[in-house]
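Student: Starting from the known structure of chain C, arrange chains X, S, A, V and B on it as the hints suggest.
Now for the letters of each chain:
6 protein chains.
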Amino acid sequence: MLYPNIETFIGCESSYEEADMVLYGAPFDSTTSYRPGARFGPAAIRHESYGLETFSPYQEADLCDCRVFDSGDMELCFGSSEAALADIEARAEQILSDGKFPLLLGGEHLVTLGAVRAVLKRHPDLHIIHFDAHADLRDDYLGAGLSHACVLRRCHDLMGDGRIHQFCIRSGDRSEFEFAKQHTDMHRFDFSGLEELTKRLAKAGTPVYLTIDLDCLDPSCFPGTGTPEAGGVSFMELLNAIRTVTKANIAGADINELAPMLDASGVSTAAACKVLRELILALNIRDEGRLYR
Amino acid sequence: MLYPNIETFIGCESSYEEADMVLYGAPFDSTTSYRPGARFGPAAIRHESYGLETFSPYQEADLCDCRVFDSGDMELCFGSSEAALADIEARAEQILSDGKFPLLLGGEHLVTLGAVRAVLKRHPDLHIIHFDAHADLRDDYLGAGLSHACVLRRCHDLMGDGRIHQFCIRSGDRSEFEFAKQHTDMHRFDFSGLEELTKRLAKAGTPVYLTIDLDCLDPSCFPGTGTPEAGGVSFMELLNAIRTVTKANIAGADINELAPMLDASGVSTAAACKVLRELILALNIRDEGRLYR
Amino acid sequence: MLYPNIETFIGCESSYEEADMVLYGAPFDSTTSYRPGARFGPAAIRHESYGLETFSPYQEADLCDCRVFDSGDMELCFGSSEAALADIEARAEQILSDGKFPLLLGGEHLVTLGAVRAVLKRHPDLHIIHFDAHADLRDDYLGAGLSHACVLRRCHDLMGDGRIHQFCIRSGDRSEFEFAKQHTDMHRFDFSGLEELTKRLAKAGTPVYLTIDLDCLDPSCFPGTGTPEAGGVSFMELLNAIRTVTKANIAGADINELAPMLDASGVSTAAACKVLRELILALNIRDEGRLYR
Amino acid sequence: MLYPNIETFIGCESSYEEADMVLYGAPFDSTTSYRPGARFGPAAIRHESYGLETFSPYQEADLCDCRVFDSGDMELCFGSSEAALADIEARAEQILSDGKFPLLLGGEHLVTLGAVRAVLKRHPDLHIIHFDAHADLRDDYLGAGLSHACVLRRCHDLMGDGRIHQFCIRSGDRSEFEFAKQHTDMHRFDFSGLEELTKRLAKAGTPVYLTIDLDCLDPSCFPGTGTPEAGGVSFMELLNAIRTVTKANIAGADINELAPMLDASGVSTAAACKVLRELILALNIRDEGRLYR
Amino acid sequence: MLYPNIETFIGCESSYEEADMVLYGAPFDSTTSYRPGARFGPAAIRHESYGLETFSPYQEADLCDCRVFDSGDMELCFGSSEAALADIEARAEQILSDGKFPLLLGGEHLVTLGAVRAVLKRHPDLHIIHFDAHADLRDDYLGAGLSHACVLRRCHDLMGDGRIHQFCIRSGDRSEFEFAKQHTDMHRFDFSGLEELTKRLAKAGTPVYLTIDLDCLDPSCFPGTGTPEAGGVSFMELLNAIRTVTKANIAGADINELAPMLDASGVSTAAACKVLRELILALNIRDEGRLYR
Amino acid sequence: MLYPNIETFIGCESSYEEADMVLYGAPFDSTTSYRPGARFGPAAIRHESYGLETFSPYQEADLCDCRVFDSGDMELCFGSSEAALADIEARAEQILSDGKFPLLLGGEHLVTLGAVRAVLKRHPDLHIIHFDAHADLRDDYLGAGLSHACVLRRCHDLMGDGRIHQFCIRSGDRSEFEFAKQHTDMHRFDFSGLEELTKRLAKAGTPVYLTIDLDCLDPSCFPGTGTPEAGGVSFMELLNAIRTVTKANIAGADINELAPMLDASGVSTAAACKVLRELILALNIRDEGRLYR
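Residue numbers (our numbering), protein chains in the order written: chain C, 277 to 569; chain X, 277 to 569; chain S, 277 to 569; chain A, 277 to 569; chain V, 277 to 569; chain B, 277 to 569.
Mixed in with the good hints, there may be bad ones.
What the hints assert, rightly or not - Quick look at which bits of chain S chain V covers, simulated, 3 or more residues with Cβ under 8 angstroms:
(1) 448–456
(2) 493–499
(3) 503–516
(4) 534–540
As the list claims (entries may be wrong) - From chain C, some residues computed to sit far from chain B (all C-beta separations above 10 angstroms):
(5) Leu278
(6) Ile282
(7) Glu289
(8) Cys342
(9) Ala362
(10) Asp416
(11) Arg519
(12) Ile561
These are computed hints drawn from the structure, not numbers from a lab. C-beta: ideal position from N, C-alpha, C; glycine also.
The shape of chain C in the complex, shown without the other chains:
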């Protein structure tokens, strides 16, 4: 008897029933205005994870000890952002309603909006912690309100002031930075203030959605993305930030904006795999009593 070819992120071989956490891929980049290809991000992460170990010497933990199910990529409509977002929201809702943690792999950053809508329904007091090079706070972009460049603005439409916390931001037009001064909690260039914020949110028991645009990383360690922005954080800084932020009550998360076609050497995909491994492990080794269990 032979078995069909199942391809998952390395070490994520739990059944759906037993899983605590569910990976779901959103291969969508229709609104990417500059260099497209983030649609291939989740498949590349899954495929190239074969080159990664399941064990992390940073956290002394192993994916084999976690219960994670990888549901693969959704089949999304290209050319209709609203249809794609509805499908992503439905998938997140299903995972949440089955009592599991939804971990979304993008795709362009717009996909976050689908997941946030689902998590926000369950947790009306949700905050967002946002790691990114770009503010993503435009009201519209080239005529579209549903655009990667507007995704946090659309989240703000749903959540209001003071509940979006942005880190590493180093690009945007003037209006976005002005909007941020009044409506979001923006930390430019690096992770300054993240530890204090996490402590405060953790103490208050506030549910948090964590969205990681991998272009927060410096292009030197993560060149394979649509809009690389010099002056970013290092891999070790991101790893530390992940270990910090996961002390809050994370209710949902995503990583996005890997564009493998722009990653000739493969180092960006390898880095994305490692970020995902460390994120899964950090979410799993939190002490008991957490929100999503």
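Tutor: Just chains X, S, A, V and B, lined up with the frame of chain C:
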């Protein structure tokens, strides 16, 4: 006194007023379902045309003797196909209403629909001649009716049976080939029948829209496209087909689906430049009394 | 309920039990002496087949009407050719013993030896039909008898004179061509003689193993291989040869030597996918009474 | 009415008459001895600047508030360095004589010599501040005195001792480092001493030509250059150095040695665009009474 | 005892004294106006020849039976065409004066001029046979008379009318084609007329210099060159032309314009190696009484 | 008289007899389980060293003052690890027996085992200092005990506990880290402890074999390797570590795991060249009385 940096397709330096023909670029690929990047096609054609001569030894003619204006790329909305198509249609209408020939540079193949809408309004008896590897006759694709894979089907919605003539087709699902048997004039694999068709249409004075998906070329000479299909025609076969088909009353035209990111060696962009030069020259050296003048 | 991410060659979604034909991948290239990477061939074919249609307009047939099971890639030992070959042989034997047709995806050409050993045990009167740029008839290469450059010589060790039929050969050292004159049936440069050979073998009911080294194709349409050899056959010539040769009693087959790392544009992988589709369809549309059923 | 396709660096849309600053490109790399391609640098910077914002969160300033004219690339003679340098010098002189600041985009580093000749005529007391990985102090290179490897030596011929200040230097032959000890003010490896130097020059009102070879950056953030040298400065260090040095009386400037063909991921071009934006902004936000106004 | 690392074209291991033929590389491309990199051509041919067999099944001959010496690459001055040409001429003269056949590996096409000058001195009645996509007949290019685009015009300056025979030409400006009508023997697009010409020249005992710009090949089989021109000849057509033309009294030869940086897949370099092997063999298997012995 | 084309690492032009140090290349990567290509490392280092200066401003020393012989690459058997290791061991023994220092260029990391066997025979009290991202301590990998992933484990088989000192390790499975706790001296992530260790070993006069897997470097400065691991050391940290460790009695050394096919920009090869230059210089400028002289 210094002048700003104007970038046009080589030899297309007429003013708009004097021009007989107008190039317009549609850098759009939001519905591309497989490998994106056709958005960068028109800019690459313009930029790399510097490596091309204006003179054609095939036709013994020179772009410098033509009156062509290059209006550059439109700024189109990513994420909304309908908005993008409306802008393309408006641009084509303007060119037509000024008595000039519209030559569109895509972009993914869906952009053709905008141009066809405009030309069809002027010429209700329009036929389409379509060079492509793919039938593009699906009714919908991943839930979208406005998709590159549906563009000729959408044209058929507007025009009805027997007015779409397809050549070089070698890919599609079974339903598309069955649709073609009943509704279009499909010639598989090569240009068989083109000469007879052209004679018939020319004799009848029928206005024709010519749409060239460059992937009709074999991937050996045109690798840089989203969905390469082995078994295509050679460059010389395409050049001959262009010289044949331009004996009909061509009322509008486009070439599309160059994806420069997939063209590491640059030969696809160079070939696209040469196809464009030969198409412009072939359209210009037709004898007098043609439709669009 | 969500399902895990199964990745197969497009349209090959039969269960193992119901399948007539079984794909199995051998991601091995340890003996490749020049440019390695054929190990990634089968995964790339599977992954990129998403860009292919299941329907063939050449054969008017559809993969969805076939019963094919894709068992994915074996986990083979790098650094020990004998261990890898034993695993390949065992997999082929299992498929044969379950009454199914084994279709191997390499990997470097040496993997063929494992499959041939298994098929030869069942069919002691087996012949081999071999499409390749290279003779692969060396007795040893850099000290190794188990090498991609020796694979047909090793087959000859097992089968003796006159039972190996080689086509498209255009590279080898002088001794290989001299060996061929005495011991194999070598047709240089193209498929001359294939039709006659097939008729003769088919008439005699001789079981045939078909091995296709994709570098028989000209590098213009198949650049992505370790040792490209100018002067090869076109895609259409290979397609016709496949449709010819499958009129014989094919008892096992393989395609090999796609090296995706050397295929920057992706056209080689796309061509390999199309060759595989056409091969599966050609094997399936043969009339009844064939050997392997 | 349609307009021709003007391509400038983003936000540099002033008319020549109104402009304070003029960009001019020198697409020349004939003397590059190792990996060529810097000729394509200025066009790539212009083309890819579309992916950049005009606003800088580092300096809280916006290109839209500057008056910059982009005059595109000169058409230079390949194969004659002297002819090319004469054309560059003439262009710089024209810009200076019109009372505007000349900002040159190379090209290989030799192009600096043309600009320096022009600025030196206006400001005989000119100093040069030079950011580079390479000393560029050879007397001749492969028989040519006009070579990228000799450009600062040629400047020294014109200016004499003590007026060339070099930073980040980490490559050269022994004789270059010995020459530097006696004739230039060389600071190895980084920007140590730049702040003090700038203060001194600013206080004295000394006019300064700033030449930035982008390979002063570490290859990790700037791989796309002909001769990458490990051990360079980070993007943030360069940005700070630019903000420091522009407190001197800068009379002319250039950035050079981006080679886009060697920049598969695009991060080098993106970094060059950002360096150029920050340089323009830094030059513009200097307080009143500066030299070139 | 260990030996130093000698790198020659495969099978060219004769000593200089014993050699009949001498390879010499001219790694020069300073006047290349479009995409540079031909300077790396000869080193790539030498390095990648390891992937080639020494035996040719086309000519049933083996490089091991020839006496060829590979003298490696000259160290040429970048930035001075005249100095580089003088060095090439001197090298060719030395080889000729030692009674050996000079086979030059370019580099851009301008290098041919150096070799032609040397051969012409020995054979004042020399003719040139020129395989190329481009006419190379401009009087000057961007101000330079010594340019790749002018090389055959410079040869015409030395030799006069009717002694330059051009094949495969498919690009040039109008003036070049007009010049050719009056002054050279130009055959457009392919090798038509080559057999007749060769017979005539062979019968008359006319010495011939053969210059092969590899871009005469179609970009599908030879993408890795600065200015690819669709519509060229196939590898087999070039091979046949080589076997035809070598029946004349060839007194010197070159192959040029491989640009390995533009050859991501490596097929162009592999094709160049095979062209060189076949050229060496064809020159060696000519019957006795030939000019250069 | 012309000379054959000798290709050595820049500045390594001593004769074998006079040389103190001998470079030898092991172009082997048959056991590489993920992305192959390290076989091309030594040739690329040699070839691209032309872009490097012989002088180091870091150490104020010049390769021209050293006596180094480059013996090129061995011709190793692909497909048999034991045969390849035997050849490497024999080469190292010959160099040692001639009283010279053996400096091996890999290839995959397994090649180290051949060199260590030879050095250990001469120095039974040998220690190993190992710079690497990966622990390489598996007992077997995919069924092979002779694998790149097992190489330090095989060294431990020969040498026992406490004599292997590992630095920069940031990847491995759990069992490898557990093995290291009991049997090796592992320093995770960076070079902490190297200075103390070196002092101790130097004081005791202990002979040391130094093996540098270049993937200890962060992928940002060294992307071109089979298994890039984010979070590595910088080039300057490695350079300092080399200058530190060479104060011990180094009896043999290697650098390995450059994979040029994965190094599109060339920065990894350039970095490897610079590491090799600095390593040679550091080994040469040690004070008198060292082990290997």
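Student: Confirm or reject each hint.
Tutor: We went through each hint and held it up to the structure:
1. Here's how the region 448–456 of chain S fares: 4 of its residues keep a CB closer than 8 angstroms to some CB of chain V, so the rule of at least three is met and the hint holds.
2. Residue count for the region 493–499 of chain S with a Cβ under 8 angstroms from a Cβ of chain V: 5. That meets the three needed, and the coverage hint holds.
3. Note: the region 503–516 of chain S has 5 residues with beta-carbon separation from chain V under 8 angstroms; the three-residue rule is met and the coverage holds.
4. For a cut-off of 8 angstroms, the count of residues in the region 534–540 of chain S with a CB near a CB of chain V stands at 3, and the three-residue condition holds.
5. The Cβ of Leu278 of chain C sits about 19 angstroms from the closest Cβ of chain B, beyond the 10 angstroms cut-off, so the non-interface label holds.
6. No Cβ of chain B approaches the Cβ of Ile282 of chain C within 10 angstroms, the least distance being about 19 angstroms, so the stated non-interface status holds.
7. The beta carbon of Glu289 of chain C is kept farther than 10 angstroms from every beta carbon of chain B, the shortest such distance being approximately 16 angstroms.
8. Distance check for Cys342 of chain C against chain B: the nearest CB is about 14 angstroms away, which clears 10 angstroms, and the non-interface claim stands.
9. Its beta-carbon lying about 35 angstroms from the closest one in chain B, Ala362 of chain C satisfies the requirement of being farther than 10 angstroms from that chain.
10. Even its closest Cβ contact with chain B, about 35 angstroms, leaves Asp416 of chain C beyond 10 angstroms, as expected for a residue assigned away from the interface.
11. No beta-carbon of chain B comes within 10 angstroms of the beta-carbon of Arg519 of chain C; the shortest separation is about 13 angstroms.
12. The claim that Ile561 of chain C lies off the interface holds: its Cβ sits roughly 15 angstroms from the closest Cβ of chain B, which is beyond the 10 angstroms cut-off.
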